[in-house]
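Participant: Next come the chains, spelled out residue by residue.
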Amino acid sequence: MDTERAVVPAALMAALAAACPAVREGDPAADAVTGGLVPAFAASPASTGEASALLRTAAEYGLAVMPRGAGTGLGWGAAPSACDLVVDMTAMDQVIEHAAGDLVARVQAGVTMGNLASVLASAGQQLAIDAPADATVGGVVATGTAGPRRFRYGAPRDLLIGITVVRADGVVAHSGGKVVKNVAGYDLGKLFSGSQGTLGLITEVTFRLHPLPAAVAWVTGDFGPSALAGAASAVTSAAGSALVPSAVELLWTGPPAVLRVGVLLEGTPSGVAERARRMAELLTAAGGTPVVAISETPFRWWEQDAESGPPGTVVRVTYWVRQLADVLDALARAGASAGIRPAVGGPAGAGALYARLDPAAEDDTAARFVRALRDRLSGVFAGSADGSGLSRGSMAVLAAPTAVLAAAGADQPVPGLDLMRAVKDQFDPGHRMCPGRFPWGR
Amino acid sequence: MVAMTTAVEALVPRMREICGPDNVVTDPLDLRTYECDGLTSHRSVPALVVLPGTASEVASVVAACAAARVPFVARGSGTGLSGGALPREDGVLIVMSRMRSIVEIDPVSRRAIVEPGATNLSVSKAAAPFGLFYAPDPSSQVVCSVGGNVAENSGGAHCLKHGFTVHHVTGLQIVTPSGELTWLGDGSGVCSGYDLLGAFIGSEGTLGIVTKIVVKLMPLPEVVHLLLVAYDTTSHGGQAVSDIIGAGILPAAIEMMDALSIEAAEEAVHCNYPAGAGAVLLVELDGPAAEVGAEMSTVRSLCEAAGATEIRTADDPADRAGIWAGRKSAFAAVGRISPAYIVQDGVVPRTSLGAVLAQIASLSAESGIRVANVFHAGDGNLHPLVLYDDAVPGQAEAAEKVSGAILDACLEQGGSITGEHGVGVDKSRYMPRMFGADDLDTMQLVRCAFDPASLCNPGKIFPTPRLCGEVPGHRRAPHPAVAAGQAEIF
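From first to last, the protein sequence lines are chains R and V. FYI, this note's numbering numbers position 365 of the first sequence as 365, with every residue one higher than the one before it. FYI, this note's numbering numbers position 384 of the second sequence as 826, with every residue one higher than the one before it.
Calculated from the structure, these hints are not laboratory results. Built from N, CA and C at the ideal position, the CB exists for glycine as well. Errors might be hidden in some of the hints.
Selected chain V positions facing chain R (Cβ under 7 Å, derived; list incomplete) [what the hints assert, rightly or not]:
#, residue
1, Ser543
2, Ile544
3, Ser630
4, Ala747
5, Ala748
Among chain R residues calculated to face chain V with C-beta under 7 Å, some are [stated by the list, open to error]:
#, residue
6, Val183
7, Tyr186
8, Ser337
9, Ile340
10, Gly351
Ranges between beta-carbon positions, derived for each pair [claimed, not checked]:
#, chain 1, residue 1, chain 2, residue 2, range
11, R, Ala117, V, Ala797, 46 to 52 Å
12, R, Thr289, V, Asp758, 52 to 58 Å
13, V, Thr482, R, Thr297, 17 to 23 Å
14, R, Ala229, V, Pro571, 37 to 43 Å
15, R, Ala117, V, Thr740, 57 to 63 Å
16, V, Thr751, R, Asp386, 52 to 58 Å
Model the full structure from these sequences, guided by the hints.
Facilitator: See below:
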């Protein structure tokens, strides 16, 4: 390895350029990754073939590689321990095929969500993932980004039906196809969704699409600061109702502290109107005397997030919805003991909430919050243990300054960790793809 | 009958200790009852059958096999149609039928925890008092096991709208191929780290054995409407399907049967489908009352415009069950009109249905082999039933040829060799027609991570096994096991 590193950069640059002409030296302003590391090279392949040649060359020289889309999610995850080459996917920005009659689209990984949405909208269709419009499809898949409509449509893994990846050694592999129903072979799309670039480079994806709804309505219920139980019960009854909501969100910010439950209904104009009326009754009946309203205005807290710059410390809590009130209580108590108030929001009805700390918060305070929350939640999840070893919920630090991650200690153990490490070792035996991205990873 | 191998024979006392003497089968006649699953054309008598009663018993059984380097295969209800649970003559068959309890229903979280041997339908039955149901509904749901559904990523008629097993399982307790118990997923439905849960589901029993399953339950729909529509030809029916989807409507199910399969179903269950129809379309809509009514009238007029010769509706559960009985019995029913048959499972993009049906018709005409078509029209999943007489020399081979040619036709249209029955032993030889060597090699990296010794249901899915000691892409030196004379590359 040492001898490989000793190769003069000029020769290395020439080798990379032979594989992928659009290669340049890394730029501290444009290419710095989490933690401030500046890659020596940035390359922008125009095809899966170029990407393959590029990764083959990177493998020959033992380079640490990080795939990048629009860069909207680069600040998430732990800081990589090494990054010699950034692979910028934004030149692969084509919608290869939109088979409207089959409700399927095959796209290059660098297509932005916004561009894809406008192509699909012309046929009255959509990719039912809520993500920032300037994020790339590949980035959304690699990070497993899913917004409010996760409740009904799931995460990218649930809508992805085919994938092309380039392995760390440059080998190109496909799985799935362009039909929705398909069980031939292992589903690499599932494995690469949410893998944060640590298993390989995603170059093409095929998605299942959905028709755009003719009408939408958001039913919101605003609960006062003392009505935590009422808000939790509104979430569970909305999520369990036969009115088929597309999203069941909870937003808890302040001051003044307000718990807002937001339920999205999609369908025909008359159907949505009737369902919204009944959903409003359901939220009111949950208790806690909420102020209920019906509106077409989207409940888009996640877009504000995307615009607000580096994420600071963000923790995701997943849970069985029966325990939502306990989870909210744990968040409140952890905030009180650390002396900071997290902004909490997310697809509460789908079993997930994000707690976000003010990016200006002191590292000590943020670390105290993370530790306190972990303690509180382990009490909550221990309470529902059934002796089978199943923890009915988990907590993951999705983003945090390196100092906070170090001071806060390890995440709760992820189930199946040994198997995850074994998968990583198989796909990337040299540990060159985004090393260190997962706090538990390699 | 192959004599029990020494390695397996040596395991018998340990297996009796783990599972109890009554739950270890060694009698040759009893062993023979496990020689195949729902795909009876492949048979292999297992060396030993064990029926563990708990997750830790499964773990101990697997650990004993791993230590003795004896291959093992898990089996649920044995209804699989690709030979995924075909036993090994030199291995242990681990039968999950004693582990069939519904461990817990959490109606507030809309989750159930079930054991792998529980039948698919028993989950919905247990959830019904809470106004909930388990959505995946393979036609064999009365007998097939949830553990088997996980292995195959089973669908069913209603997966068009509600998705497959992988969309409804949020946690799995598994025994790894080395015999360790672990969970994948926390049951919430949101995963941390790699989505091993998603990779495991549909891996056809090759990555481990499931011992507990957390499933999502859904609220029972407010209303369900079923339309039965008759057409003169399948292409008229196909037009209706395209028009419905084109109108932005996603029915819970859209199924089609052609004249021959209607005839078979009629003989078997007297489902009273319209006499003389060239095709029958079943369209089921479910959801909130406020939406389904309007969708129903749109679907009805689209069906009429496509040339419907008769439309019937069924809104109450008994009427719907009567109509569904015809469809769900179709596979078994062709036994009434043919001494033998092959159930095929191919997929095409929905818009290619007409083209592929025409190709099937000409394949049938050229070969003289009759083909009855039953299909999940909404998602392009065809189940051609290739009919033949095994008493006539050469017919079985001719039928097999037609069956393979149908898969080629599906692949030409950009489809898949299996939509829900799995690859198993039956279709591993077709995998190279759909995937390149690098694709298959990469998939097997997952296998190597879970099962480096290749003992867990070996010989399924992949036409050529991969030796896991090889470093990907760097095959400079022979594999250590090959060099040592312990393994051969075939």
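Participant: Are the hints correct? Go through all of them and say.
Facilitator: Status of the hints after comparison with the structure:
Taking 7 Å as the C-beta cut-off, the interface hint given for Ser543 (chain V) is violated, the closest approach to chain R being about 13 Å. Annotation: Ile544 (chain V) was flagged as interfacial toward chain R, and the flag is violated, the nearest CB pair being 14 Å apart, outside 7 Å. Because the closest C-beta pair between Ser630 (chain V) and chain R is about 4 Å apart, less than 7 Å, the hint holds. With a cut of 7 Å, the hint placing Ala747 (chain V) at the interface with chain R is violated, because the nearest CB-to-CB distance is about 17 Å.
Because the beta carbon of Ala748 (chain V) sits about 15 Å from the nearest beta carbon in chain R, more than 7 Å, this interface hint is broken. Using the Cβ-Cβ criterion of 7 Å, the hint placing Val183 (chain R) at the interface with chain V is satisfied: the shortest such distance is roughly 5 Å. Residue-level restraint check for Tyr186 (chain R) holds (minimum Cβ-Cβ distance to chain V is 4 Å; threshold 7 Å). Interface restraint check for Ser337 (chain R): the shortest CB-CB distance to chain V comes to about 24 Å, outside 7 Å, so the restraint is violated.
This hint is violated: Ile340 (chain R) has a C-beta 24 Å from the nearest C-beta of chain V, more than the 7 Å allowed. Given hint, Gly351 (chain R) at the interface with chain V, holds; its Cβ is 4 Å from that chain's nearest Cβ, closer than 7 Å. Here the CB-CB span from Ala117 (chain R) to Ala797 (chain V) is close to 31 Å, at odds with the stated 46 to 52 Å. Separation of Thr289 (chain R) from Asp758 (chain V) is about 40 Å and departs from the stated range, judged on CB atoms against 52 to 58 Å.
Range check, Thr482 (chain V) to Thr297 (chain R): about 60 Å between beta-carbon atoms, so the 17 to 23 Å window is missed. Taking the beta carbon of each, Ala229 (chain R) and Pro571 (chain V) are about 25 Å apart, not inside 37 to 43 Å as hinted. Remark: the range hint 57 to 63 Å for Ala117 (chain R) to Thr740 (chain V) is contradicted by a beta-carbon distance near 25 Å. As the Cβ distance of Thr751 (chain V) to Asp386 (chain R) is approximately 56 Å, the hint placing it in 52 to 58 Å holds.
Of the numbered hints given earlier, the model fails hints 1, 2, 4, 5, 8, 9, 11, 12, 13, 14 and 15; all others are met.
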